[in-house]
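**Q** In order, the protein sequences belong to chains W and A. So the first sequence is numbered by our numbering: it starts at 1 and just counts up by one. So the second sequence is numbered by our numbering: it starts at 1001 and just counts up by one.
Be careful, since some hints might not be right.
Taking CB as the label site, the calculated pair distances span [as the list claims (entries may be wrong)]: (1) Leu1308(A) x Glu155(W): 53 to 59 Å; (2) Pro1046(A) x Glu155(W): 42 to 48 Å; (3) Ala109(W) x Ala1012(A): 14 to 20 Å; (4) Ala1064(A) x Arg42(W): 39 to 45 Å; (5) Glu74(W) x Leu1322(A): 57 to 63 Å; (6) Ser148(W) x Arg1329(A): 22 to 28 Å; (7) Pro1313(A) x Arg42(W): 35 to 41 Å; (8) Glu73(W) x Ala1318(A): 29 to 35 Å; (9) Gly126(W) x Phe1051(A): 30 to 36 Å.
No lab work stands behind these hints: they were computed from the structure. A virtual CB, placed ideally from N, CA and C, is assigned to each residue, including glycine.
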Amino acid sequence: MTGFAAAAEEHLDDVHGYLLYLTGDRSAAEELTAETFERALRAWSRFDPARGSARTWLCQIARSTALDHFRAEERRRRREGLYALREPQEAEETFFATGLSPALASALAALSAGEREVIALRVLLGLDGEGTARLLGISPTACSTRLSRALAKLEERMTADVAA
Amino acid sequence: MSLPESLVAELAGANVAASSELRARVREIAARAPEPRRSRLPRFSPRRAAFVLAPAVVIAGLGAALAGGLVSSTRSSAVHGEKAAAPLSPTVEHGAKVFGAATVPQELAPVIGDSGAVRSAATPSPSSGRAQQYDAEMRLRVKDLSRVTQTALRLTRALGGYVRSVDYGAGPKSGSAELVVRIPLGAVQKAIIRFSALGTIVDQHVSIQDVQTGFDRRFRRLQTLRAQIAAAQRKGDDVKVARLRKQLVSLQRQQAQGKRRYSYATLSLGLTTAKPVVAHPNPGRVDRALDGAGSVLLKELVVLLYALIVAGPIALLAALALVFGKLWRRRVTERLLAR
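Chain A on its own, in the form it takes in the complex (with noise of 0.2 Å):
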């Protein structure tokens, strides 16, 4: 048997017994221990909780995310269907809008495009009895903005009216303009119509006030002042007849502008090449509780990173802190053991 099986051999039957009044007093120990209690509980090891814990984290949280969803996508389902009712699209074909204290009855007259559809419903035309303000706006998209101000602006002078202001700007992606125009009454409906032709209608509106009662109080004035000048020659008073007569020609001057005035209709013409936004389709229950269990998700995720950041350096600290700690305490223990 070579040296160190020899030494094992008999470091192994060495007799270590303890000696019989240390038996008595570790049995007089014992003694004193508590009868055994069976437990049902499952003995806690912070290793099994830790297994136990983190699956059913992770199950609450996606649990959290899909009630979450299915909560929202009920909610936004009623949304939808308020929305629904609102008729929303891009390119909208509007009915005039009259607005103004016109108390004549309107001729509606329908517009009809170069297509032969009808382009707009019913645009009010201006009454031919009665002095009115007739406003019109419209906005349209445009492919070539170049082209369709130059025809808006060569169309104007056609119809025998003129250019009051032009802004036109024009971009990379897309591009704008502005046109004020004045037109005379009697063909403002062809210029609509004309103008409508240019591009798609994307707002319409028509404003008609009537402006007559103006015009009838200078009139009934004006005779009132000639019958007033003729008595004054009758008298021979020739003072008052100037005073008379200054007041008749400012008057007539008035008269004469008004007429000039609406005898023009203002058409403010906005072209714009953007593109319309498309509107998305209604989604579906199903998708609705994806977005909501994603979007509930994405709120947990974000939380847990912050909790992270916020906690991350403490809990390295901390884990640090044990490691040393550790390294230090089996170090002391070396030592003792060393001597």
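Isolated chain W (complex conformation) (with noise of 0.2 Å):
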């Protein structure tokens, strides 16, 4: 087995669960997580061990990828925008994992894409605060400052959620 495929094989489930959270929607999650494979594979021969893991790279791919994606979307959402004001809008189906309790899927699916992430990225994939903070391109105390952010979002909604 290539160096590659050893990366792939191990870090496939990381990479997938942090774009899970990133996009909450599970077809798009999986389209995504193939699209960060095959640029990995065209980057691989500038991959630097000892700049950081291949766990850290990929996750940089994944995030570049999945901001291209939102990009797309918006430019579809703008030129689509007058039909999707006359027609009924379908709610959309969210999904992040398998096992988490309905009342955390719905606080999750309330929260920013830029909040899910960071909580995939520190919580889900338990990468260090240096690391995430430079995944993202902010300083460790700002990435800190989101995260807790993010959780307490997350625990007003819960308790928001059980009072209703």
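Hey, can you piece these two chains together into the complex? The hints should help.
**A** Right under this line is the structure:
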């Protein structure tokens, strides 16, 4: 097994989980995961293990792939804006992971993609503060602030749902 | 367990495993990966390259400066050798230079200063048997310009001469005076000695031109005219006698004027209080090399400064564009992820 194949086998679930939390859409996450590994294969010769782990590197490519997807979605929504206003809006079905309580899943769906992203990287994947900050392009302080706000918001949402 | 901890635990325990279809798809992609090639060369990194290049450029610049200094020191040592061959000193004791078509051998008398030391090399004395045009120039460095000028004028009169012109100018830092005096030929040597004693000789020049031929020609013509007058008187040709007498008188006047003119020597005396230029001692090889290296380094710094001045604003604009581009991209990304 080549180095790339071993890295792909080892980190497939991590990349998939990250993209699930980012998009909240199972089919979009699967498409983006495949796209991520396509891009990673093309860039594999430029990967330097001395600069970071393969998991962080793959997550960076996944993030870039997801952002391209979001930009394309936004352009599509703008083009189809008028049509969407006339037709009844279908509720988007979100999915993040198997085993989450409905309250938690509902609370996660209420967060923004950016808030879910930092939760995915720090909690789900277990990346450290510095690695996550470097991936997101922000300072470690800003990263921990973003995480604590996301968790606080999650907690608040869940408390409100329980009360309701 | 508090709510946040339970939240975190639930999130961390969630199953996000990829489906079997996705796994198969990724395996297919990974199977296309080529066999890894072992490269012996270190991976290129802009940061690593900058850490290596920057000191290399500095070392290269210093090396070029040192090489330039060594080369120029070798070149200038040859020039110094040539210069050393020509004597150059702020206070020079020149010998007299004799110009002109003096056909009679000149009697050379050494000029002795007041202290007894020879102040200048032999200055030719005028020949007593022949008519000569005697011109002398002298430049002296003096301390008290006013006093020396007055002394020179007094000396001229004491020697039976007269002053033809004086040009005197004194400033806060230095002053100079130009005197042109006429000295009887018999006293010119004494005048040169006395003038030399007034200061330090910077330059001296004597010119003697024999003009006896002209006198001899006029004398012969005078003899001829006298003989012609006597012959005309014997014949009783009064008209011719008058005409010849007129020519005789004119020629006698010319002869007398010549005698008066060439009985005096013209002395041009230049006085100055300006300090002499100190000749620098020959620098050694190491000093020359360091000087050369310094000048090369200075040129490199000038080029670098010029490049900074020209490229600086462009680089600044490029840096600002990069920063703003980064900020704008971050803002766009945050807007996308905020939905």
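**Q** Now tell me if each hint is right for this structure.
**A** How the hints compare with the structure:
1. Leu1308(A) x Glu155(W): 53 to 59 Å: 55 Å, holds
2. Pro1046(A) x Glu155(W): 42 to 48 Å: 43 Å, holds
3. Ala109(W) x Ala1012(A): 14 to 20 Å: The hint (14 to 20 Å, Cβ to Cβ) holds, given that Ala109(W) and Ala1012(A) are roughly 19 Å apart.
4. Ala1064(A) x Arg42(W): 39 to 45 Å: Holds - the Cβ-Cβ distance for Ala1064(A) and Arg42(W), about 43 Å, lies within 39 to 45 Å.
5. Glu74(W) x Leu1322(A): 57 to 63 Å: 25 Å, violated
6. Ser148(W) x Arg1329(A): 22 to 28 Å: 25 Å, holds
7. Pro1313(A) x Arg42(W): 35 to 41 Å: The hint (35 to 41 Å, Cβ to Cβ) holds, given that Pro1313(A) and Arg42(W) are roughly 38 Å apart.
8. Glu73(W) x Ala1318(A): 29 to 35 Å: 33 Å, holds
9. Gly126(W) x Phe1051(A): 30 to 36 Å: 33 Å, holds
Checked against the numbered hints above, the structure violates only hint 5.
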